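Chain residues, written in single-letter form:
Number of protein chains: 2
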Amino acid sequence: MTRNKIIEQIHHKKSFLCVGLDTDISKIPKFLLDLEDPVFEFNKRIIDATKDLCIAYKPNIAFYESMGIAGWKSLKKTIEYIPEDIFTIADAKRGDIGNTSKKYAETFFSTYNFDSITVAPYMGEDSITPFLEYSNKWTIVLGLTSNDGSKSFQNLALEKGNFLFQEVLESSSKWGTKSNMMYVVGATKAKDLLEIRKIIPEHFLLIPGIGAQGGDLDEVIKNGINNDVGLLINSSRGIIYAGNDRNFDSKSREEALKIKNKMSNYL
Amino acid sequence: MTRNKIIEQIHHKKSFLCVGLDTDISKIPKFLLDLEDPVFEFNKRIIDATKDLCIAYKPNIAFYESMGIAGWKSLKKTIEYIPEDIFTIADAKRGDIGNTSKKYAETFFSTYNFDSITVAPYMGEDSITPFLEYSNKWTIVLGLTSNDGSKSFQNLALEKGNFLFQEVLESSSKWGTKSNMMYVVGATKAKDLLEIRKIIPEHFLLIPGIGAQGGDLDEVIKNGINNDVGLLINSSRGIIYAGNDRNFDSKSREEALKIKNKMSNYL
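Chains as they are written, first to last, in the working numbering: chain R, 3 to 269; chain V, 3 to 269.
Honestly, the hints are just simulated from the structure, not real lab data. The reader is advised that the hints may include incorrect statements.
Claimed, not checked - Taking lysine-lysine and the DSS-like style, the derived pairs with C-alpha atoms no more than 27 Å apart in a straight line are:
#1 V:Lys-139 with V:Lys-78
#2 R:Lys-104 with V:Lys-162
#3 R:Lys-16 with R:Lys-200
#4 V:Lys-162 with R:Lys-153
#5 V:Lys-176 with R:Lys-153
Bear in mind the structure is a predicted one, so any value in this text is a computation, not a measurement.
Construct the entire structure; sequences and hints are all you get.
Right, dumping it as structure tokens:
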């Protein structure tokens, strides 16, 4: 998907919401367990209930992988079910030496036909460039993550005066363009967004961490928005587990709508 | 698998060789393509030909993932085929926020029953500790990798005077023990091994990068060996693609034997 298509979608739907499909079979409504593929059935109903309110879906690959082959089948059906004009993100945090990253790119861009994948930067340039070789596909690099553990290394001060996460943004943004790279910045780091926007003013940011993780939506938008909006704000558990009975999908819709309405104010 | 069992194996086989199963269907001998599961058949023959010479097998998950569901089936059959006394490594480079890393741990330690998994440290402590909760399973953290891209971030100088990879070793080694953590150090970084051994004298190191990537085996052993040997040295392409006809497995055995014989000199 092109950058222009993403921006068009945002203005058309008045939303920059991404719904995270962290679908855990132990957390979905019990009545779905009688169906042949409960995880896909859950996702299908969430997608039906939210597809006019969001511009992206982000399946968290770990949740599918942990179910073995059945999980990959559910994932494939889910991806095929998502309407073509909605951006898809494989939240996979991959990254390895060149010949291996090439295989990960093949997995998510060809085998499963995602529009984008999240990647971890520790192994550096040649671990990320193989993902950038696909046209109209996106590489979403971890910048400053939403978890407590982001302090372990991302916030380390470097000899040259900046922090590691700032160096990651600065260096890696030269490997691609604003049209094939995005960055993950946690919503719990809203205060850092002003500084981050000085380093990468134009890139889209994928922002997880509102909802269950406690990030403040308005603060994130105010500090992170740019001329092209430049934000995909994700909520996973807050939306998909809003209800737990036969009406879970309307509960999810209600939660998605609340966020979407807040977003519309900024568009 | 316990640390003692690994050490016993090393002395029993006079080897600390790990064979990397980076099995690429486009690179295996053509006659295998007529069989039902060519990737598994290839691995099976490599395992049969090398299992008395090595103490670990390391499937590179990207190569299986990229084949979709068929790949995961081949992987599962491969893991089940590896003799129980041989250490298994899921080379997966995973790592995410706590609830997601928990799912990745479940994937590789329960669903696929690997003894260990490689993990990327960028997301910090709570992205790694979920893997450490399994008893007799191992978490292998990226320290200093073999690729050129290791220079991008791992070699950055920190304000406090050390390099990022040294800080990763120092901090993360406190999260687990020498009996449930190992580190990846590339064979191309043999000179750094002396310094690395000062930080983590007792941990096992998983060392890729001899063979195709050009690392020097003797230099790696001399600089990295400790009282418990403390090394698992991996070769992938150099062994598994040594031949390309009906006798490919004996060619692989020859290559594995050459490395094993060099290793025996140090035991």
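Taking the hints in turn, this is what the structure says about them:
no., hint, verdict
1, V:Lys-139 with V:Lys-78, "18 Å, holds"
2, R:Lys-104 with V:Lys-162, "35 Å, violated"
3, R:Lys-16 with R:Lys-200, "26 Å, holds"
4, V:Lys-162 with R:Lys-153, "15 Å, holds"
5, V:Lys-176 with R:Lys-153, "15 Å, holds"
Hint compliance for this structure: hint 2 is the single one not met.
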